[in-house]
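*Asks:* The opening residue of the sequence shown carries number 1 in full-length UniProt numbering; numbering runs sequentially from there.
Honestly, the hints are just simulated from the structure, not real lab data. Nothing false has been slipped in among the hints.
Mimicking BS3-like on lysine-lysine, the simulated pairs with C-alpha atoms at most 25 Å apart in a straight line are:
(1) Lys-139 x Lys-117
(2) Lys-120 x Lys-139
(3) Lys-240 x Lys-302
For clarity, every value in this text was computed on a predicted model and none was experimentally measured.
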Amino acid sequence: MTSEQISDPSQAEVASPAAASTATQRQRASQLAQALRLELQKAVVGQVAVIDDVLTALLAGGHVLVEGVPGLGKTLLVRALARCFGGEFSRIQFTPDLMPSDVTGHAVYDMQSEQFKLRKGPVFTNLLLADEINRAPAKTQAALLEVMQERQVTLEGRALPVPQPFLVLATQNPIEQEGTYPLPEAELDRFMLKLRMDYPTADEELSLVRQVTRSARADMLDVAPLRTLVQARDLIALQKIASELPVDDQVLDYAVRLARATRSWPGLAMGAGPRASIALVRGGRARALLRGGDFVLPDDVKGCALAVLRHRVRLSPELDIEGLSVDQVLQQILDQVPAPRL
Numbered sequence: 001m002t003s004e005q006i007s008d009p010s011q012a013e014v015a016s017p018a019a020a021s022t023a024t025q026r027q028r029a030s031q032l033a034q035a036l037r038l039e040l041q042k043a044v045v046g047q048v049a050v051i052d053d054v055l056t057a058l059l060a061g062g063h064v065l066v067e068g069v070p071g072l073g074k075t076l077l078v079r080a081l082a083r084c085f086g087g088e089f090s091r092i093q094f095t096p097d098l099m100p101s102d103v104t105g106h107a108v109y110d111m112q113s114e115q116f117k118l119r120k121g122p123v124f125t126n127l128l129l130a131d132e133i134n135r136a137p138a139k140t141q142a143a144l145l146e147v148m149q150e151r152q153v154t155l156e157g158r159a160l161p162v163p164q165p166f167l168v169l170a171t172q173n174p175i176e177q178e179g180t181y182p183l184p185e186a187e188l189d190r191f192m193l194k195l196r197m198d199y200p201t202a203d204e205e206l207s208l209v210r211q212v213t214r215s216a217r218a219d220m221l222d223v224a225p226l227r228t229l230v231q232a233r234d235l236i237a238l239q240k241i242a243s244e245l246p247v248d249d250q251v252l253d254y255a256v257r258l259a260r261a262t263r264s265w266p267g268l269a270m271g272a273g274p275r276a277s278i279a280l281v282r283g284g285r286a287r288a289l290l291r292g293g294d295f296v297l298p299d300d301v302k303g304c305a306l307a308v309l310r311h312r313v314r315l316s317p318e319l320d321i322e323g324l325s326v327d328q329v330l331q332q333i334l335d336q337v338p339a340p341r342l
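Turn these sequences into a full structure, and let the hints steer you where they fit.
*Replies:* Structure (structure tokens):
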């Protein structure tokens, strides 16, 4: 065992080679995730929390729904991530006339062979950008249900797996409701996180304007200078390391208590299901790896709780009339459900 493998020389006698190797792998994975964060921050200015949440979903193998008014960089964030990721990337611009077959693929008759051949749709990729997902009708939105959960698409009676890793990043505009179709609860539940992009601060906006006006590409930030840091196989390895981070039973219990609290909380007409408890633990593991931790803390679970829960609960009509937001009610739950002290 080399000296580099041992962080504390006094532990040299008790640390097994396997434990040292695991710690080294974890450290390298954390460094790679942090390098990815820094690279994304070069392109997406003023959205540090959103970048961390997207990386959390990436490490946890979950899908992300990003909500925000136009011009905040939702699509830019996904393009920047695609640039840093060496796998396949596809984009679907959702429109009212988009058909399910435009998403999943369809059978095409080949005149030469006189047979039907399957033409795979854009979902057969590693990173899928579903831009303005609420612009397509429910029938087309439902085309993503199977692939998001099962990581496969059934075409002409055949189940075809999509490449691994597979991540859907969907965007929607919450303000403009004309010509939009709200996502059904079943599909919302498939998204591990729902993120809200807000306006940048004055300093961040100043930096953003300075950076963009130097670019030759009109009002767009250029993602071309970003480095490709992660290949598909690297991401699978990162996800495996994150999934193996130790979680204390008390932290596991805390995640379950948070999700269960939403089901009986006054002011919530609908609570989160067991998929939320699972997402809290997976998100906690990913955040622990991102900060370079050796195990999951209650704060890791708490840090992703709003993003995990906000699209899985529904306000009662009374609170809706009073003008309270879902995030305000969830914050009350986070403040009042006691976290374990490790």
